[in-house]
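The chain contents come next:
4 protein chains.
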Amino acid sequence: MKTSRLEAFSDGVLAIIITIMVLELRVPAGPTLPDLLRSATGLLTYLLSFVYVGIYWNNHHHMFQLVGRVTGGILWSNLGLLFCLSLLPFTTAWMDQQRFATTPVVTYGLNLLLCAIAYWILQTTITHNQGTDGPLATALGRDLKAKSSPAIYVVGIVATLLVPWLGVAIYTIVALMWLVPDRRVERYLASHDLAEG
Amino acid sequence: MKTSRLEAFSDGVLAIIITIMVLELRVPAGPTLPDLLRSATGLLTYLLSFVYVGIYWNNHHHMFQLVGRVTGGILWSNLGLLFCLSLLPFTTAWMDQQRFATTPVVTYGLNLLLCAIAYWILQTTITHNQGTDGPLATALGRDLKAKSSPAIYVVGIVATLLVPWLGVAIYTIVALMWLVPDRRVERYLASHDLAEG
Amino acid sequence: MKTSRLEAFSDGVLAIIITIMVLELRVPAGPTLPDLLRSATGLLTYLLSFVYVGIYWNNHHHMFQLVGRVTGGILWSNLGLLFCLSLLPFTTAWMDQQRFATTPVVTYGLNLLLCAIAYWILQTTITHNQGTDGPLATALGRDLKAKSSPAIYVVGIVATLLVPWLGVAIYTIVALMWLVPDRRVERYLASHDLAEG
Amino acid sequence: MKTSRLEAFSDGVLAIIITIMVLELRVPAGPTLPDLLRSATGLLTYLLSFVYVGIYWNNHHHMFQLVGRVTGGILWSNLGLLFCLSLLPFTTAWMDQQRFATTPVVTYGLNLLLCAIAYWILQTTITHNQGTDGPLATALGRDLKAKSSPAIYVVGIVATLLVPWLGVAIYTIVALMWLVPDRRVERYLASHDLAEG
Chain A
1 MKTSRLEAFS DGVLAIIITI MVLELRVPAG PTLPDLLRSA TGLLTYLLSF
51 VYVGIYWNNH HHMFQLVGRV TGGILWSNLG LLFCLSLLPF TTAWMDQQRF
101 ATTPVVTYGL NLLLCAIAYW ILQTTITHNQ GTDGPLATAL GRDLKAKSSP
151 AIYVVGIVAT LLVPWLGVAI YTIVALMWLV PDRRVERYLA SHDLAEG
Chain B
1 MKTSRLEAFS DGVLAIIITI MVLELRVPAG PTLPDLLRSA TGLLTYLLSF
51 VYVGIYWNNH HHMFQLVGRV TGGILWSNLG LLFCLSLLPF TTAWMDQQRF
101 ATTPVVTYGL NLLLCAIAYW ILQTTITHNQ GTDGPLATAL GRDLKAKSSP
151 AIYVVGIVAT LLVPWLGVAI YTIVALMWLV PDRRVERYLA SHDLAEG
Chain C
1 MKTSRLEAFS DGVLAIIITI MVLELRVPAG PTLPDLLRSA TGLLTYLLSF
51 VYVGIYWNNH HHMFQLVGRV TGGILWSNLG LLFCLSLLPF TTAWMDQQRF
101 ATTPVVTYGL NLLLCAIAYW ILQTTITHNQ GTDGPLATAL GRDLKAKSSP
151 AIYVVGIVAT LLVPWLGVAI YTIVALMWLV PDRRVERYLA SHDLAEG
Chain D
1 MKTSRLEAFS DGVLAIIITI MVLELRVPAG PTLPDLLRSA TGLLTYLLSF
51 VYVGIYWNNH HHMFQLVGRV TGGILWSNLG LLFCLSLLPF TTAWMDQQRF
101 ATTPVVTYGL NLLLCAIAYW ILQTTITHNQ GTDGPLATAL GRDLKAKSSP
151 AIYVVGIVAT LLVPWLGVAI YTIVALMWLV PDRRVERYLA SHDLAEG
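Chains as they are written, first to last, in our numbering: chain A, 1 to 197; chain B, 1 to 197; chain C, 1 to 197; chain D, 1 to 197.
The hints are simulated quantities; they were obtained by calculation from the structure and are not laboratory data. Since the structure is predicted, the reported quantities are computational estimates derived from the model, not experimental observations. Some hints here could point you the wrong way.
[Unchecked claim] Here are the in silico distance ranges between beta carbons for each label pair:
no. : chain 1 : residue 1 : chain 2 : residue 2 : range
1   : C       : Leu110    : A       : Arg26     : 30 to 40 Å
2   : D       : Gly73     : C       : Arg99     : 52 to 62 Å
3   : B       : Ala151    : D       : Gly72     : 52 to 62 Å
4   : B       : Ala29     : C       : Arg38     : 23 to 33 Å
[Said to hold, decoys possible] Residues on chain D that point at chain C, a partial pick, calculated with CB under 7 Å:
no. : residue
5   : Leu33
6   : Pro34
7   : Ala175
Heads up, the beta-carbon is just placed ideally off N, CA and C, and yes, glycines get one too.
Please put together the full structure from these sequences, using the hints given.
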C-alpha cells in the first residue's frame with residue numbers, strides 16, 4: 001500500500017476537523033459589539049485548536065515524506081491519531097461554553113496529551129518498521145520538543161487545578177513552541193541529497 | 001473511466017462521514033465531571049462507528065487496488081455503499097441519545113448489515129466484471145470473514161431483543177475481528193510480483 | 001490551468017454536499033419504531049437528493065474527460081453549478097420538514113431546474129470553447145435526455161400545484177432516467193481510440 | 001516540501017468552508033412563500049460569501065502555479081489565510097440573522113479586510129522568497145486590483161456606519177471587480193512558454 005492514499009485521506013479528515021470547529025462557534029444572539037465580545041473567547045479557543053491541528057498536519061506531512069510503505073500497524077495508529085484529533089472540536093466547544101471552568105480545561109489538556117501520545121505511537125510504529133538506523137529515526141535524532149511536550153501538558157493540567165487560565169496559557173506556549181517549523185526532516189532530505197549528488 | 005477519481009471521491013465522502021459524527025456529540029450542559037460522564041456513551045459509540053468506517057475505508061482501498069476499470073455498475077454500487085455508510089452518523093446518534101433502547105440498537109445493527117450487503121454487492125459487481133478467475137476473485141478466496149459478518153450482525157440484532165447491551169457487544173466483536181488487517185490482497189500482489197519477477 | 005485541480009475541488013464540494021444532508025436529518029425524539037417511521041420521509045428525500053448529486057458527479061466527471069483546458073468562463077460556470085447543487089440540502093430539508101407541502105415541493109423542483117440550467121450553461125461554455133465539431137459537442141450528439149429533463153421538471157412543478165406527491169414522483173422518474181449511465185462519452189473515447197489505433 | 005499537498009489541503013479546507021455555510025441557512029419555519037422569502041437575505045449573503053471564497057480559491061490556485069517550493073513561512077501564512085476565510089460562515093450568519101444591523105455588517109467588512117491582508121502577507125512571503133525579479137513578482141506587476149481592494153473595504157466599513165445596506169453594496173462591488181478573471185499569471189506563463197519555445 002502506497003502512502004499517497006493514506007496521506008490524502010488524512011488530509012481530508014484534518015481539513016474537516018480544522019473547519020467544522022467554526023460550526024461550534026455560537027453566532028452572537030444580539031446585534032451589538034458586547035454581543036460579539038461574548039463570543040470572543042470562542043474565537044480565541046478556535047484559533048488555539050486551529051493552530052494545533054495545523055501543527056499536526058505539518059508534522060504529519062513531514063513525517064510521511066520519510067515513509068515508503070504503509071503496513072496495517074501504521075494505518076491503524078494513523079487512524080488512532082485522527083480519532084484523538086477529531087475530539088478537539090468537542091473539547092474546545094465544552095471549554096469555551098463553560099467559560100474555562102476547571103474540569104473542561106483539564107479535559108482539553110488531556111485531549112492534547114492524548115493526541116501527543118497517539119502521534120508518538122504512530123512515530124514509534126514507523127521507526128520500529130524501519131529499524132533504529134532507518135530514515136525517520138535518523139532524522140528525528142534526540143527529539144527534545146516531542147519528548148518535552150507531554151510533560152508540559154501535564155504541567156498545564158496540574159496548573160489548571162490551581163488557576164484554569166494558567167492551564168490555557170501553558171497549552172498556548174506549547175503551540176507557539178511548535179510553530180517554529182521542524183527542520184529536521186528537511187535537513188535529513190537535504191543532507192541525503194547532498195550525499196547522493 | 002479510471003479508478004483514481006472514484007477513489008478520491010470515496011475517500012472524501014468517507015473522511016466527512018468519519019468526522020461529522022463528532023458534530024452529533026452533544027457538548028455537556030454543565031462544567032463538572034458527571035456532566036462529561038453523561039457524554040461518555042456518546043464517545044464510545046462514536047469510537048465504534050469511527051472504527052467501522054475506518055475498516056470500510058481500509059478494505060475499500062485494498063479492493064480497488066485490484067480494479068482496473070470502472071463501469072457504470074461499479075460506480076453505482078459504490079455510491080450505494082457510500083449511502084449506507086452515510087446513515088451511520090444518524091443511527092449512531094439515535095442509539096446514543098435513546099440510551100441504548102432496543103429499537104435504536106436493532107436499527108444500528110440493521111445499518112451495519114446494510115453496509116455489509118452493499119459492500120458484498122460492490123465486490124460481486126467487480127468480480128462478475130473480471131470473471132471468476134480475475135484478480136479480485138482469486139485474492140478473496142473463500143472469504144470466510146466477509147461471509148460470517150452478516151450472520152453475526154443478525155445474531156447481534158436478535159440478541160438485542162433480549163438484552164440491548166449484548167447486541168452492542170456483538171457489534172463490537174465484529175469490528176475487532178476486522179481490525180486484524182486483511183492480508184489477502186497484499187499476498188496476491190506479492191505473489192503476482194514474484195511470478196512476474 | 002489544468003482540469004485536475006478544478007476536478008479535485010469540485011469532487012470535494014460534491015462529497016461534502018452529498019454527506020452533510022445527513023446532518024439535516026432529525027434524529028427521532030423517542031426510542032420506538034413509530035418515532036423512526038416519522039423520520040422515514042426524511043430518509044427517502046435524502047436518498048433522492050443523494051442520487052441526484054451522484055448523477056451530477058458522474059456526468060461532471062464524464063464531461064471533464066473531454067475538456068483539455070480550463071478558462072475563466074468554465075471556472076465560473078462550474079462554480080455556478082456547485083452553488084445550485086449546494087442549495088439541495090436546504091430545499092430537501094424544507095420539503096421534508098413541511099411534510100411535502102406545495103410551496104416547498106415546488107421550490108425543490110425549481111432547485112432541480114436551476115441545477116439543470118447551470119449544468120447546461122457549463123456544457124455550452126465548454127462546447128463554445130471547443131467549437132461545434134469539438135470532442136464534447138460530437139460526443140453529446142442530439143442530447144435528448146438533457147434537453148427533456150428541464151421540461152419534465154416543469155411538468156413536475158405544475159403537477160405539484162395539483163397534487164404535491166405527484167411532483168415528487170415525477171422528480172424521482174427523472175432521477176431514474178439518469179441512473180442509466182450515459183455511454184456517449186465512453187463511446188466517443190472508444191471510437192476515437194479505434195480511429196487512432 | 002512540494003506544493004501539491006499544500007494545494008490539496010487548501011482545496012479541502014476551501015471546499016468545506018464554501019459548503020458548510022449552507023448549514024447556517026435556517027430552514028423556513030412554515031410552508032408558505034413568505035416563510036421562504038424571510039430566508040431570502042440568507043440566500044443572498046450566502047451567495048456573496050460563496051463568490052468571495054470562489055475568488056480566493058481561483059487566485060490561490062493561480063498564485064501557486066508560480067511557487068516551486070514551500071517554506072515554513074509560506075505554510076503558516078497559508079494557514080493564516082485559511083483561518084481568516086474560515087470565519088466567513090460565522091460573520092455571514094451573524095450579519096444575516098441580525099438583519100444587516102450596523103455592527104454585524106462592519107464585522108463582515110473587517111473579516112473581508114482581514115482575508116485581503118492575510119492574502120497579501122502570503123503573497124509577500126512568496127515574493128520575498130523568490131526575490132523581486134522572481135516569477136510571481138514579475139507576473140503581478142503593479143497589482144492595482146489587490147492594492148485597491150483593502151481601501152474599498154475600508155470605504156465600505158465607513159459607509160456602513162451611515163447606511164448598513166450601502167456597506168453590503170460596496171462589498172458586492174469588490175466581488176464583481178474580482179469576478180473578472182486575473183489573466184496576469186496566464187499571461188506570464190504564456191509569454192514564458194513563448195520565450196522558451
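Outcome of the hint check:
Evaluation of the 30 to 40 Å hint for Leu110/C and Arg26/A yields a pass: the beta carbon distance comes to about 32 Å. The hinted window of 52 to 62 Å between Gly73/D and Arg99/C holds, with their beta carbons roughly 55 Å apart. Between Ala151/B and Gly72/D the CB atoms are about 53 Å apart, so this pair conforms to the stated range of 52 to 62 Å. A hinted range of 23 to 33 Å holds for the C-beta pair Ala29/B and Arg38/C, which are about 26 Å apart.
For Leu33/D, the interface hint holds, since its Cβ comes within 7 Å of a Cβ in chain C; the closest pair sits about 5 Å apart. About 10 Å separates the beta-carbon of Pro34/D from the nearest beta-carbon of chain C, more than 7 Å, and the hint is not met. A distance limit of 7 Å between C-beta atoms decides the matter here; for Ala175/D the minimum to chain C is near 12 Å, and the interface restraint is violated.
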